[in-house]
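S.K.: Once you have looked at the hints, place chain R on chain H.
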Amino acid sequence: MDTRMIDPEQTDEDRYPTLSVEGRRMLEFLREHPHAPIFRNESGNRLSAGDIERVRAFEQETRTAQVGWKPGVPPEWIWSFVEKCVAEVPWYRRYDPLPAAFEDLPVISRADLSRDVAQFVPDTVSVERLVNYRTSGTTGHPLLLASDPVVSASYLAFHKRALRRLGIELQYGRGLVGVVLLGWQRKCFTYVSVTPTMDESGLAKLNLHPDDWRAPEDRASYLEALAPEVIAGDPLSFSVLLDLNVGLQPRALFSTSMALLPGLRERLESRFGCPVLDFYSMNEAGPIAVADPSAGGHVLLQHRLYVEILDPEGKPVRPGERGEVTLTGGFNFCLPLVRYRTGDQASLDLSGREPVLVGLQGRPPVRFRTKAGEWLNNIEVTHVLGKFAIAQYALYQAADGALQMKICGPRGDITEIRKALLALFGPEQALEIVTTGWVDEKWIQYTSDLPGAQP
Amino acid sequence: MDREGPPLESLTRRLAETPEDFLAEPKCGKAGRIIVPAVVGDLLDLLGSDGGRENLGRFAGKDAADQRRLSVTLLFCWLLADASFRGTNPSSEIVLTLLDATAAELAGQAAPAKLLRDPDRREEMVRLALARLGYRPAGETAAQAQDRLSSISSSERARVVQAARAAEERARAVREALARKAAEESADKWTRE
Numbered sequence: 000m001d002t003r004m005i006d007p008e009q010t011d012e013d014r015y016p017t018l019s020v021e022g023r024r025m026l027e028f029l030r031e032h033p034h035a036p037i038f039r040n041e042s043g044n045r046l047s048a049g050d051i052e053r054v055r056a057f058e059q060e061t062r063t064a065q066v067g068w069k070p071g072v073p074p075e076w077i078w079s080f081v082e083k084c085v086a087e088v089p090w091y092r093r094y095d096p097l098p099a100a101f102e103d104l105p106v107i108s109r110a111d112l113s114r115d116v117a118q119f120v121p122d123t124v125s126v127e128r129l130v131n132y133r134t135s136g137t138t139g140h141p142l143l144l145a146s147d148p149v150v151s152a153s154y155l156a157f158h159k160r161a162l163r164r165l166g167i168e169l170q171y172g173r174g175l176v177g178v179v180l181l182g183w184q185r186k187c188f189t190y191v192s193v194t195p196t197m198d199e200s201g202l203a204k205l206n207l208h209p210d211d212w213r214a215p216e217d218r219a220s221y222l223e224a225l226a227p228e229v230i231a232g233d234p235l236s237f238s239v240l241l242d243l244n245v246g247l248q249p250r251a252l253f254s255t256s257m258a259l260l261p262g263l264r265e266r267l268e269s270r271f272g273c274p275v276l277d278f279y280s281m282n283e284a285g286p287i288a289v290a291d292p293s294a295g296g297h298v299l300l301q302h303r304l305y306v307e308i309l310d311p312e313g314k315p316v317r318p319g320e321r322g323e324v325t326l327t328g329g330f331n332f333c334l335p336l337v338r339y340r341t342g343d344q345a346s347l348d349l350s351g352r353e354p355v356l357v358g359l360q361g362r363p364p365v366r367f368r369t370k371a372g373e374w375l376n377n378i379e380v381t382h383v384l385g386k387f388a389i390a391q392y393a394l395y396q397a398a399d400g401a402l403q404m405k406i407c408g409p410r411g412d413i414t415e416i417r418k419a420l421l422a423l424f425g426p427e428q429a430l431e432i433v434t435t436g437w438v439d440e441k442w443i444q445y446t447s448d449l450p451g452a453q454p
Numbered sequence: 000m001d002r003e004g005p006p007l008e009s010l011t012r013r014l015a016e017t018p019e020d021f022l023a024e025p026k027c028g029k030a031g032r033i034i035v036p037a038v039v040g041d042l043l044d045l046l047g048s049d050g051g052r053e054n055l056g057r058f059a060g061k062d063a064a065d066q067r068r069l070s071v072t073l074l075f076c077w078l079l080a081d082a083s084f085r086g087t088n089p090s091s092e093i094v095l096t097l098l099d100a101t102a103a104e105l106a107g108q109a110a111p112a113k114l115l116r117d118p119d120r121r122e123e124m125v126r127l128a129l130a131r132l133g134y135r136p137a138g139e140t141a142a143q144a145q146d147r148l149s150s151i152s153s154s155e156r157a158r159v160v161q162a163a164r165a166a167e168e169r170a171r172a173v174r175e176a177l178a179r180k181a182a183e184e185s186a187d188k189w190t191r192e
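Top line first, the protein sequences correspond to chains H and R. Position one of the first sequence corresponds to residue 0 (numbering that gives the first Met the number 0), numbered consecutively onward. Position one of the second sequence corresponds to residue 0 (numbering that gives the first Met the number 0), numbered consecutively onward.
For the record, the hints were derived by calculation from the structure and aren't laboratory data. Hints are supplied without guarantee of correctness; some may be wrong.
Covered stretches of chain R, going by a simulated chain H footprint (3 or more residues, C-beta under 8 Å) [claimed, not checked]: (1) 40-47; (2) 168-174.
Once the Cα atoms are required to be at most 25 Å apart in a straight line, the calculated SDA-like pairs of lysine to any residue come out as [as the list claims (entries may be wrong)]: (3) Lys-314/H - Lys-180/R; (4) Lys-180/R - Asn-40/H; (5) Lys-180/R - Ile-51/H; (6) Lys-186/H - Ala-214/H; (7) Lys-180/R - Gln-9/H; (8) Lys-186/H - Asp-11/H; (9) Lys-180/R - Lys-83/H; (10) Lys-83/H - Ala-142/R; (11) Lys-180/R - Leu-142/H.
We treat Cβ as the ideally placed atom computed from N, Cα and C, and that holds for glycine.
Next up, chain H with everything else stripped away, as it sits in the complex (with noise of 0.2 Å):
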């Protein structure tokens, strides 16, 4: 028999092997709370005493390096990067002899991970530590990514460079609840754990679908009995968070998944009294940037990460105009990244003392087009409706021009959103405008069957 089919149970000791008697403690005051929602699942942070080591010199370092590069001259640790990918990793060994030109590189897609991810995986990785990630299949390519306990706690140094730059440090350590983490799904992986290099202050990943709690208003109690120094979601389970009776003093909300408009990013401070970090994060390269309004767009923050701007060609566009964003480098020791395109659209400015990421896009673009026959980027229309405090919505051309807008968690203002799409497409403009309640499925935004749509 292979003894590597075998799969023993994971025991507490496996999920989190440092732990003590007062994260203990934590851990059962999380999981036994009178008000507890029921757990799914179990996971933990699977941290050794070396690796919690690893993990905070690589928040040292994330903290003070600089991250930046001359426009089209690619930073100077990329070449012993792209080397050592094809030294060692089996889908980059094709890449030997490497052209004189970055630019000469091919390019991957989410495609070329999709197909099989363990060719992007470097022989010096360890087997027994991986991990997986999964993510959505919108693009009709769902991923299994490979990655290791160390990135995944590594994901915290880059949210402490962002929450640094408004000037908060985190402070929640041992008997506090350090993050919680919201989804708003019918099947949700839920389950408790503890953070080792924030001394062992909580972590509780919860899903706000009633379903999985003894009594809906429980969610309540249990997230004030917790008291998170942070809050973690996207706009659809932070929109369910808004409709709670709950009182919470968090010191910030992260949001994810999913673009986060202005209008809910307002409701939410001014709910909650904190700022709202609306990270560009992905699971292929963990959080990329976080938004900024005064910046203009989304800061990069990572000093290991090479953005580039490309064309449809895999050309790289001139400084300042749209394209869509490839990455190289990365700290996913189990998945470095070569002009791996990310299917996501932004322009690049680096003319300020962070590189930014401007006008953001989660998706290729879509063209729309005005009763009067001119063509609108998709990027018009979130202008529009950045004001609304939307969750999730999805708008839809028909190939006769007519246009479907479709809006997850109604927020009663139906008639502005009408009022503002007519004075954008003209008021002849047929529009349907459908409310579906709350949905646990990320949307694509933009989709189109009019010819010419795609640009």
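M.R.: Same frame as chain H, but now just chain R:
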């Protein structure tokens, strides 16, 4: 094979014209007269390779069983003493692997005399030496050089097959590890995508 080396023909001709001293019997135990560790040491000096002198013991023949391998080692030494390789500073580890393991593989397939007589075998030796040192013959692309080497060299074919097998085995281990329940449990992150 990312660097262009000398023309193939100049090296195959050099092999065909191997002088008597390099065809003489290597010293193995009490038999033979050529002290191969000394020849290898001189070659490393000629090439400008750092280190490796402490590992020359493997070229000291103990008995008759070592003789064929060391005879092929001497042929490689003569080949690499060509002016085109002098002072190129190759890694001593790569050079010693060629002179030891690759020589042993070739010696297992044919007698040293046949390696010199047969034009295909001479070409195989030259191509193997160039490939191991990271060169391709002048006028060939890396792909052409690899194709020709694979078609002419049984040991290269075996190496390629073994490397492909090892790569597939590793990919399978990665896929299995990712499919484990423990991997599905993932690990703590403060935000989820």
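S.K.: Honestly, which of those hints from before does the structure not fit?
M.R.: The structure breaks hints 1, 3 and 9; every other hint is satisfied.
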